[in-house]
Structure formats: structure tokens, C-alpha cells
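**Q** Quick note, the sequences are listed as chains A and B, same order. The opening residue of the first sequence carries number 2 in the numbering used here; numbering runs sequentially from there. The opening residue of the second sequence carries number 2 in the numbering used here; numbering runs sequentially from there.
One thing to keep in mind: the hints can contain errors.
The list treats identical chains as interchangeable, and a pair is accepted whether it falls inside one copy or across any two copies.
Heads up, simulated DMTMM-like pairs for lysine to aspartate or glutamate below, C-alpha to C-alpha not over 20 Å straight-line [what the hints assert, rightly or not]:
1. Lys55 to Glu73
2. Lys131 to Asp178
3. Lys131 to Asp180
4. Lys24 to Glu86
5. Lys55 to Glu86
6. Lys138 to Asp206
7. Lys138 to Glu32
8. Lys136 to Glu37
9. Lys101 to Glu37
Derived by calculation from the structure, the hints in this document are not laboratory data. Since the model is a prediction, treat every value here as computed from it, not as a measurement.
Protein chains: 2
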Amino acid sequence: MTRLYHVPLSPFCRKVRLTLAEKKVEVELVEERYWEQSPEFLRRSPAGKVPVLKINGRFLSESQAICEYLEETIPEPRLMPREPEARCEVRRLCAWFDDKFHEEVTSKLLYERVNKKLMGQGYPESRNVKSGAQKIKFHLDYLSWLLEQRRWLAGNEMTLADFAAAAHLSSLDYISDVDWNRSQNVKDWYAKIKSRPAFRSILADQVPGFPPPAHYADLDF
Amino acid sequence: MTRLYHVPLSPFCRKVRLTLAEKKVEVELVEERYWEQSPEFLRRSPAGKVPVLKINGRFLSESQAICEYLEETIPEPRLMPREPEARCEVRRLCAWFDDKFHEEVTSKLLYERVNKKLMGQGYPESRNVKSGAQKIKFHLDYLSWLLEQRRWLAGNEMTLADFAAAAHLSSLDYISDVDWNRSQNVKDWYAKIKSRPAFRSILADQVPGFPPPAHYADLDF
Numbered sequence: 002m003t004r005l006y007h008v009p010l011s012p013f014c015r016k017v018r019l020t021l022a023e024k025k026v027e028v029e030l031v032e033e034r035y036w037e038q039s040p041e042f043l044r045r046s047p048a049g050k051v052p053v054l055k056i057n058g059r060f061l062s063e064s065q066a067i068c069e070y071l072e073e074t075i076p077e078p079r080l081m082p083r084e085p086e087a088r089c090e091v092r093r094l095c096a097w098f099d100d101k102f103h104e105e106v107t108s109k110l111l112y113e114r115v116n117k118k119l120m121g122q123g124y125p126e127s128r129n130v131k132s133g134a135q136k137i138k139f140h141l142d143y144l145s146w147l148l149e150q151r152r153w154l155a156g157n158e159m160t161l162a163d164f165a166a167a168a169h170l171s172s173l174d175y176i177s178d179v180d181w182n183r184s185q186n187v188k189d190w191y192a193k194i195k196s197r198p199a200f201r202s203i204l205a206d207q208v209p210g211f212p213p214p215a216h217y218a219d220l221d222f
Numbered sequence: 002m003t004r005l006y007h008v009p010l011s012p013f014c015r016k017v018r019l020t021l022a023e024k025k026v027e028v029e030l031v032e033e034r035y036w037e038q039s040p041e042f043l044r045r046s047p048a049g050k051v052p053v054l055k056i057n058g059r060f061l062s063e064s065q066a067i068c069e070y071l072e073e074t075i076p077e078p079r080l081m082p083r084e085p086e087a088r089c090e091v092r093r094l095c096a097w098f099d100d101k102f103h104e105e106v107t108s109k110l111l112y113e114r115v116n117k118k119l120m121g122q123g124y125p126e127s128r129n130v131k132s133g134a135q136k137i138k139f140h141l142d143y144l145s146w147l148l149e150q151r152r153w154l155a156g157n158e159m160t161l162a163d164f165a166a167a168a169h170l171s172s173l174d175y176i177s178d179v180d181w182n183r184s185q186n187v188k189d190w191y192a193k194i195k196s197r198p199a200f201r202s203i204l205a206d207q208v209p210g211f212p213p214p215a216h217y218a219d220l221d222f
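The shape of chain A in the complex, shown without the other chains (with noise of 0.2 Å):
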């Protein structure tokens, strides 16, 4: 049986779910308080991160890496195009989110509001939660840019770019932190993935402490 060791709102692990559910593998998710670094989870994952996945009787650790080991065994419905350069800024729009967003804002704001508290380690620091919501705005905005140029994020197909930016955004939407009103064509790209299949788990998670707003699971927000 593959198994994801996950966390609900971790964007990194959405990714790998989206990646999943898109390409139709089932699979049994195992939440996992990495923060804990327990021995057997390190011997699982020696960075000591989530998300990681047990398939075909190995852990695979990194999403990135886990998702393009996906794209090359599953190869249908491809989620990658087939040309260097298209593929390139695939890979070049992942990093943008999961490096310079994740710093800017999703370390910002969803780890000061959610993470600090499942971990015990206190109160948001609200320096951080200003400078988050700030960023934000330009991120919305240069996804906004790239959109009045493409259908989806890296060019005319849906790749593993939309992936990587909608489970950062569907995670900080979880707690209200997106101004869905701040672009017309950003909102309509997200209202577009939202209602694919392999969205619907993503839409169901709930975690303790933290209740969704009404308008996260709404595919009409």
C-alpha cells in the first residue's frame, strides 16, 4: 500500500497529494508530528521532514524530488511538458513557491499562526505576520501578470507549477489569509483547480484548534 507520512496544511505535502490524486494513486495518508524527530521517523527521512512517501516498499523524502519521480513512473496525465525550456519553467515556477513564497509568506504567516501553536512554541510573532501579508500581495500580483499571459501558471497546460502554487495558497486560504479579491484572473485560476477531484481531500481537512472558514471548502467563494 503507498502511504504519504503528511501534515494537513503543509504545502509541500499538498503538493505531493495534488500530484497523487491527479495521477490516480491511492493512497493511505499517516499524519506525522515530524516535530518530534522521532528515531524511526529520521530513519524514514534523515532531514527530518514531511512530506514522505512509502511506495513500491521504499520511503521517497522531498517533494520535489518525490513528484518528479511520480511524473516519470506515472507518466499520465502528464503534469510536466515535454519541451527543456517549457519544463525549466515548470521547475523555475516550483522553486519560486516553495522557496522565495514559502520564505516570504507561507513561513510567515501560516508557521507564525498555525505551526507555533501545534508545536507549543508560543504566540505569532506579529512582525512577522505584517511583513507576510505584505509579501503576499506581490505575489498575487506577479501571479496575476504571469496569468494575463497563460492559461495556467507555466504556459497553456496544467503542470506541476499550478500544483506547487495552489497547495501554498489552499493552505494560507485555510486561515483566511488570501485576498481572493485582489485579482480577477487569479481567483478564476484558483476556482479552476479548486474543482478538480484531486482537490476534494485537500478541501475536507480539518485540523484541531483551527476550523476552516465557510469559504475554503466553497467552490463558488
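Keeping the supplied structure of chain A fixed, place chain B upon it in accordance with the hints.
**A** Coordinates of chain B only, in the frame set by chain A:
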């Protein structure tokens, strides 16, 4: 002409330089003061980071995306194995260095000691330097553990994972922050990779105000 916008000690730029050199792509190196974020540079690299590779008339950014592009367009000599599991392991280790090692070690030593001065951001924070000097020991031990089981970091062939690791370690070696006496197999591995023709340009780097130690370019260090 293929052109790489870079800074000499950036491990991300060095990973791309090693890949280009190994694949025998002639490249013009252009130093980019990326931290000044000139509008012209931001047009080429919206994330405001180096490396940026100008190739076939396009500007590519994000080091891992660039290296995957080079592997796809110039397959020989191969820097990625053929099996999906083995490719996943290469990408896991690239992420290990470019994410975890970078966060725990490179940013705490190289950026404190060198980048801050170059960018006019003041003096090293001794707390960070201490933390980086402590954490690098754990990483060297992890490398040593991998090399007990494998000829190269990700398996029995040299791959991009070796270049990712060597890129970080060579930048730190430039400021004498690597204890090569900690484990013999790590030292042997570095000696092997350092003696490759692809490494020559990196060993010739000179950063004004930061002369390298004598052992830096010495193949018999």
C-alpha cells in the same frame, strides 16, 4: 554565446558552473551584484537571484531547474542515473544541500563572513557563525555515512548530487570552514571531485578582500 550571471562563491552558481564545465559548454561568466536588484537584472531573473543562464536566446533561472535543463538538452556525460528511484535519490540530496545544508551551514558561515561585507551589511553575527560551525560537523558525518555505502553520494556513479555538495563545500573551503580531517572518506571524495577538469575554474576564483587559503586550490590538500 552562452552566458552565466553569477557571483564566484555562490554554491548555486557553482553547481551550474560545474555542470556546464562537465558537459563542455563554453560559457562567459559575468559577475552580477544581484543584491542591488537593478531593474535590468530583475527582468532576467524575477526572483532577483543568481545564477541566471543565458542560453539559446533565453534567460533561465533557479539552479536546479537550470541543471535539469542542461541534463535534458546535453545528455552526455550523464549527471543523472536512468532509474527513477536513483534519480529521486539524486534530487533528494541536491535538496539536502541547497535547502537544509544551505540553511544550517552555508548561510550561517559564508553569508555572515563574506556576503555581509560585500553587501555592506555589517559584521558577522557570532551566534550564527557558532551555529554553522557546529552543524557542519553533523553534515560531514552524514556524508561520511553515505560514502561508507556508496562510491559517490547518490550511488556508484558521480551525479549532480556530488556537484551540489561540492559546490557548498568548496565555497566554505574558500574561507577555511571545512575540517577535512574529520573523516577520511569525505576527504577522499572531495579530492576526487576537486581533481576533475570541471573544477578548475572554481579553484581559480578570487574574491577581492578575501584571499583564499593556500590549501584551497591545492589538489593534494
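**Q** State for each hint whether it applies.
**A** Against the structure, the hints:
no., hint, in the structure
1, Lys55 to Glu73, "within (16 Å within a copy, 28 Å between copies)"
2, Lys131 to Asp178, "within (11 Å within a copy, 36 Å between copies)"
3, Lys131 to Asp180, "within (14 Å within a copy, 41 Å between copies)"
4, Lys24 to Glu86, "between (23 Å within a copy, 18 Å between copies)"
5, Lys55 to Glu86, "between (31 Å within a copy, 12 Å between copies)"
6, Lys138 to Asp206, "neither (25 Å within a copy, 39 Å between copies)"
7, Lys138 to Glu32, "neither (31 Å within a copy, 31 Å between copies)"
8, Lys136 to Glu37, "between (30 Å within a copy, 19 Å between copies)"
9, Lys101 to Glu37, "between (26 Å within a copy, 18 Å between copies)"
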